[in-house]
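J.: Just need the whole structure built from these sequences, with the hints factored in.
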Amino acid sequence: MRVAVIGAGLGGLLAATALAGQGQRVTVFEALPYHGGRFTNIEYRGYQLSTGALHLIPHGATGPLGAMLKRLGVKVQIVRTSPPGLFRFGGKNYTHNQLQDLFGSWNKVRLVKLTADLRYSSGGDEPYLEWVRKRISHKKVFDLANSFCRWALSLDANEVSSREVVSITKNVDRFGAPGVPIGGCRAVVDGLVEALKRQGGTIHYQTPVEGITVEDGSVKGVSTPEGELEFEAVVSNIGPKATASLCEKGTFTREYMHGLSSLKAAEGIKISFSSDTPLVGHTCTFFTPEAERVGGLVELTHIDPSLAPKGRHLLMSHQKLYGNNIEREIEEGIEDLRSIFPGFDEHCEILMVQCYRSHWPVNRVASGTHLGPETPVKGLYNVGDGIKPQGFMETDGVAAGVELMLEKFNKDMRGV
Amino acid sequence: MILIDKERCVGCGHCVPFCPVEALSVWGVVKVDHGLCIGCLTCTEYCPNKALRWDEG
Ligand SMILES: Cc1cc2nc3c(=O)[nH]c(=O)nc-3n(C[C@H](O)[C@H](O)[C@H](O)COP(=O)(O)OP(=O)(O)OC[C@H]3O[C@@H](n4cnc5c(N)ncnc54)[C@H](O)[C@@H]3O)c2cc1C
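Protein chains in written order, with numbering that gives the first Met the number 0: chain F, 0 to 415; chain U, 0 to 56.
A hint or two may mislead.
Below, simulated DSS-like cross-link-like pairs (lysine-lysine); rule was C-alpha separation at most 30 Å, straight line [stated by the list, open to error]:
1) F:K263 to U:K5
2) F:K248 to F:K309
3) U:K30 to F:K248
4) F:K240 to U:K5
5) F:K263 to F:K240
6) U:K30 to U:K49
7) U:K49 to F:K240
8) U:K30 to F:K263
9) F:K377 to F:K196
10) F:K138 to F:K169
11) U:K49 to F:K263
12) U:K49 to F:K248
13) F:K240 to U:K30
14) U:K30 to F:K219
15) F:K407 to F:K263
16) U:K49 to F:K196
Here are some of the chain U residues that sit facing chain F, going by a computed Cβ distance under 10 Å [unchecked claim]:
17) H13
18) P16
19) V28
20) E44
21) R52
Source of the hints: derived by calculation from the structure; they are not laboratory data.
Source: prediction; values computed, not measured.
A virtual CB, placed ideally from N, CA and C, is assigned to each residue, including glycine.
T.: Structure below.
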């Protein structure tokens, strides 16, 4: 079967490689001169910065992405971060287990109950922050909830359901803590492209798809600057909204279009900076619950020193973007870094401040909203960060969404 | 002259490292140092949001 994949981001490359491995004839169209989308490296002043991701895979080698890469024969080493997380309070670092030292005996009991509910209850529609408040009303706990949500989801804790956060926690227990791909994000996408080519797939760079042709409810092909091309199936990695906008008006019902227009993206700011001395001392998620803006940061170079010039450390912080005054949010993020690390001005250099919003956000569909890969058009599927099943974050969500697409594709198109 | 479309530029900075003469910087949005820019147009190719374009003026 001839299959077109629109976009060589992580979602598109995973889908393309898996489909080529089944024997489909896969052509990937990418608008940019490079593959990887928001998941690859950009080299800047000797540092491996990135087009988006912080060189972290949420569940390391053992989550959905790690498992899929292994199955597709992609050789990339993913090293688990350790300890699983550190939390900064009052200038001191606490591990997960040490956090209870911050609370009196009565609140300690409540905290144990909260942790148990995160693991064994199922949560509900109510915002995570409200769910927490019912169990323990303590500023430090609210700060922890916000710091996690801002870091991992680019949302405040009142913007995501408790069901989603409970599912995420269960997945952390099941699949483990984050991991760093050695060589950064690029090692993953380069490995995928190699595997894709081994299976006979091709990529056309600087070839934006300008339209998707649909006839009688079935996909017929795509139009590109190279002309109209026929395909029996199209897998789109450019987000459900952009996909729909490539189809002729009237292809979809008003309800479907309305559903798409109500989808909300998650936006954020990443600050990449270097230090001549270790600031954290481990490569692990370093949560910053007392910060105004920054949810957390990671010092990557203990696991992969090749991401920075010799003797330097590469750190990346992440904060949710509110969008009212972007310059001020950036300044406040940097102020946070100064107060977290008193030697910041002496030891650190800011390398780049990157914003992700609007049509190029952190997540095209914020965590907690779950759209399937299928569309009303036969043979047209979506993959990527618009299609993340419940409880799966970021690139592990992308991979889990690609698995769903493959299931549907095999059922609808191949009858298996 | 390279012009930045403020509506389209999100400030992701992808273009910055690809500029051969370091004429680009990013802080919320991308800025061009027109004194340094040689008009090679590389940045226009690397922008994921088609926010940079060449204007003869
Ligand atoms: C600041 C930030 C930090 C993050 N941190 C992490 C992290 O630490 N860990 C993690 O797991 N995830 C992280 N993420 C999320 C992760 O980067 C994304 O989930 C993932 O990269 C999304 O991949 P995608 O394939 O869905 O989309 P994209 O990477 O956006 O891919 C889409 C591709 O389609 C191309 N395209 C668009 N339109 C067309 C067209 N018409 N024709 C052809 N091609 C087209 C684009 O150029 C692009 O290459 C982060 C994201 C950001 C922004």
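J.: Of all the hints given earlier, name the ones this structure violates by number, lowest first.
T.: The structure breaks hints 2, 3, 14, 21; every other hint is satisfied.
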